[in-house]
Amino acid sequence: MIAVLSVLSILYWWLMAPITSWLPEAVDKAQQIDSLSRFLLASGTALFIIVVGYLLYFSFAFRRRKTDAPDAIGVQIHDNHKLELWWTLIPTIFVVIMAVFSIKIWAGIQLGDNNGMVVEALGHQWFYSFRYPDVHGEITNEMHLPLGVPVTLHVSSYDVIHSFWVPDMRLKADMVPGIINTLRFTPTRPGRYQIICTEFCGTLHGEMNKQYVVIDTPQAYKKWYQGWQQKNAHASDAIPTQSSGAISLAGGDVNAGKMLFTQKCSACHAIAPFAHKVVGPGLKGVLNDPAHPNLVDGAAATPANVAKILQQGYKGDMGQMPNQTANGLTDKDIANLVAFLKSTK
Amino acid sequence: MAVAAVHAGGIADHIHPEPQGFVRKYLFSIDHKIIGIQYLITAGVFLVLGGLLAELIRVQLMNANGGFMTPDTYNEVYSVHGSTMVWLVIIPMLTGGFGNFVFPLQIGARDVAFPWLNMLSFWLFPPAGLMLYGSFLMGAPAAGWTEYPPMSLQGQAGTSMWCAAIFLVGVSSTLTGINFLVTLLKMRAPGMTYTRMPLFCWAQFVTAPLLMIATTALGAALAALFIERQFGVPFFDPTKGGSPLLWQHMFWFYSHPAVYIMILPVFGIVSEVFPTFARKPIFGYKMIAFSSCSIAILGFMVWAHHMFTSGMAPFLQLPFMVLTMLIAIPTGIKIFSWVATLWGGKIHFSTAMLFAIGFIATFTLGGITGVFLAAVPFDLHAHGTYFIVAHLHYVLVGGSLMGIFSGIYFWYPKMTGRLMSEKLGKWSFWLFFIGFNGTFLPMHNMGLLGMPRRVAEYDPQFQTLNRIASSFSFVMTIAILLTIINVLYSIKKGKRAGHNPWNARTLEWQIPSPPHYYNFKHIPSVFANPYDFNEPLPYRGLEEELTDSPAPMGAH
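Protein chains in written order, with the numbering used here: chain D, -1 to 343; chain W, 2 to 557.
Which residues of chain W face chain D? A few of them, derived with a C-beta cut under 7 Å, are:
#	residue
1	P245
2	W344
3	I348
4	A362
5	A376
Cut-off 20 Å, straight-line C-alpha distance, at most; resulting in silico cross-link-like pairs (PhoX-like, lysine-lysine):
#	chain 1	residue 1	chain 2	residue 2
6	D	K262	D	K275
7	D	K80	W	K287
8	W	K494	W	K427
9	D	K282	D	K262
10	D	K343	D	K282
11	D	K64	W	K424
Hints are computed from structural coordinates only; laboratory data are not their basis. Treat the numbers as computed from the prediction; the structure is a model and nothing was measured. All C-beta atoms, glycine included, are put in the ideal place defined by N, C-alpha and C.
The shape of chain D in the complex, shown without the other chains (with noise of 0.2 Å):
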């Protein structure tokens, strides 16, 4: 029976098992890497089956019954070579098997040729940020792909070391500062996949995956590089790091500003006295708060100032806060966030 069992697990685990539906293979060395991932999931859940069923099975048959003898032994055996023989032998073949399939596997995904399109991935703390190749400057929203193309992506960092993965295309590489680490694939289903960063980089981490990889059919892909290389078409190489100028309260909206609040700020600060410190300070009545006149930064609390943090960032000794460009906030938004910061009191 437990034959029976394990042979069922082999057949369900390889043939059937409906992975994709659970997440969607987008491009093709995730096909590869699930093949191996069923052969896998099939012989371990085999192996399991064997070992626990026989463990269950003689615990139940070899139990100590009550018409024992106090002082009753078992069957004095030490060995059977023959046995050991063959369980040492079938796990040899097996572990063999089972390196040449991920030997195969492993030479497709690392050992492809280098001439496809170049994409360039960077991390910072929290976000990620992509270069193309005629594109002036950094992208930080989005990454596109056409489909059926070959990529070469390169990934770093511009500071800790965070992590590419795309669970979709079960591809990750870490982004070492100083060192460039590279995925090769070809996208092969159109659709919006989520980019998660799986090394710990810093407070906010598990913010870390809120960028997605874009795979545009070849004609929306050559529409969207078009459109970014004229929007970036006088921007320098540097990273753009927020709009310059002084920014425009006029016309901030309250309500506008509260549900961006929710999802910009909060996982930091919150909406509560000074005191009340989430990873920065409670900001009720930051604007109007006379025990605490002035801003991280020294500068006295106006809307002006706050309106200035929330563009260019902070870091020094009380922490950092990110710039508008790593938490995605046009001008408009930025004038909200005042604007809602403002009525709390």
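Start from chain D and add chain W according to the hints.
Coordinates of chain W only, in the frame set by chain D:
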């Protein structure tokens, strides 16, 4: 100390007198049995603290957007949780605790080779624990128990304290390794050949060189990190010419063998518990001993399988992948041998046996997922996710901790002279087994579907699975508390055990419980390995051992 031979009570050998003052007897003791118990108690306290931190983690993860702690506090909590469990609970319990107490008795020695060094080893350990927990006052380490730079270079002042604390534990481990190795090489009783040693001794014999060699690599890495943090010498900071990967190589060169430091002694415990309660010789004694050796050697050659996504030449991944898979073979031999030991037995389901059987089931699962992760293509997907969290807890909680509990229920009567409550013990086992699997089984799914590890908040699609895990974790906590209550309750109220409550055949069970200060009145001679239940005991020279048994603990 007075070096006088005691001739009273028919003791002919050269024996130091037992110290009488409380301080020298229980505090700064050089007796391996007291030191072993000191280790177990201290590590037990840290188990409670580390478990408390684990529950804080599970409470935080009840909600997708966290909210119970700030992300920074959460990072400190799981980093100290991991460091505690690895360095202050599992390693000290298995080597310092059970190793110290059990194996000198099993090989018929009066103490370890260097008793004073042994005392030093122990006394390096509580200060290290205080330093680790003291780091909460100055900002605890927050980059996980692995403390990868450059993240750990940004950490608060407590990260340096963490370096110093783990360095101390490392020195303690290294000294223990040297001590145990010399003891096992030089102090076995006459006739105690390598093929007659109980398998627990074999496990310690193989673990000792790992402790000695691997830990020094960790010490060097920690010293470098400390120097870089405090004095700015750039070992790891890439902006100054250092290499973040250097740390990862040095850290895993220690921490992969450390996985075997945390599991080989458990293999030893299970290899003692199985024959005793199945009333059968252990199946394949030589293969179990031999496979321990090959695991230890292979264990030094696989460290970079923790770094498949970190960035290394692709061809370097191949040897690490294949060597890691090879470890499945000796591990499989062990597991099959234990299962075969049950065949034809007369199995007595004591709590110790239940924990040992439960160990086989959960460790097998953890081992199988370990082989998955050895395959580079699978690891590219699963690395750094909750799948890893599930795998490592199956190995270290379902493996090491269940083995530790089995050992506690098994040797407690020898340590105290009293039995633990079997009824409470069985409750503890079943709650633990259910709670453990309920907590960590769902984490496999979370990881494969896209939940990264070390996050204070997560995608809402994982909230149901996380709530299941958190709920079961409370069951597991209750189970651990039951065992702790059992340990404390039984010191005074437990039934008297007599010298050999389990009818076990290794040497430690042939002398009184608790043993005399000098262990053996006469060093016995050994004629065979201890596992033949149909033969008389293979020892000579034990006739006078049971003539005057010390009172059990808590007796008035």
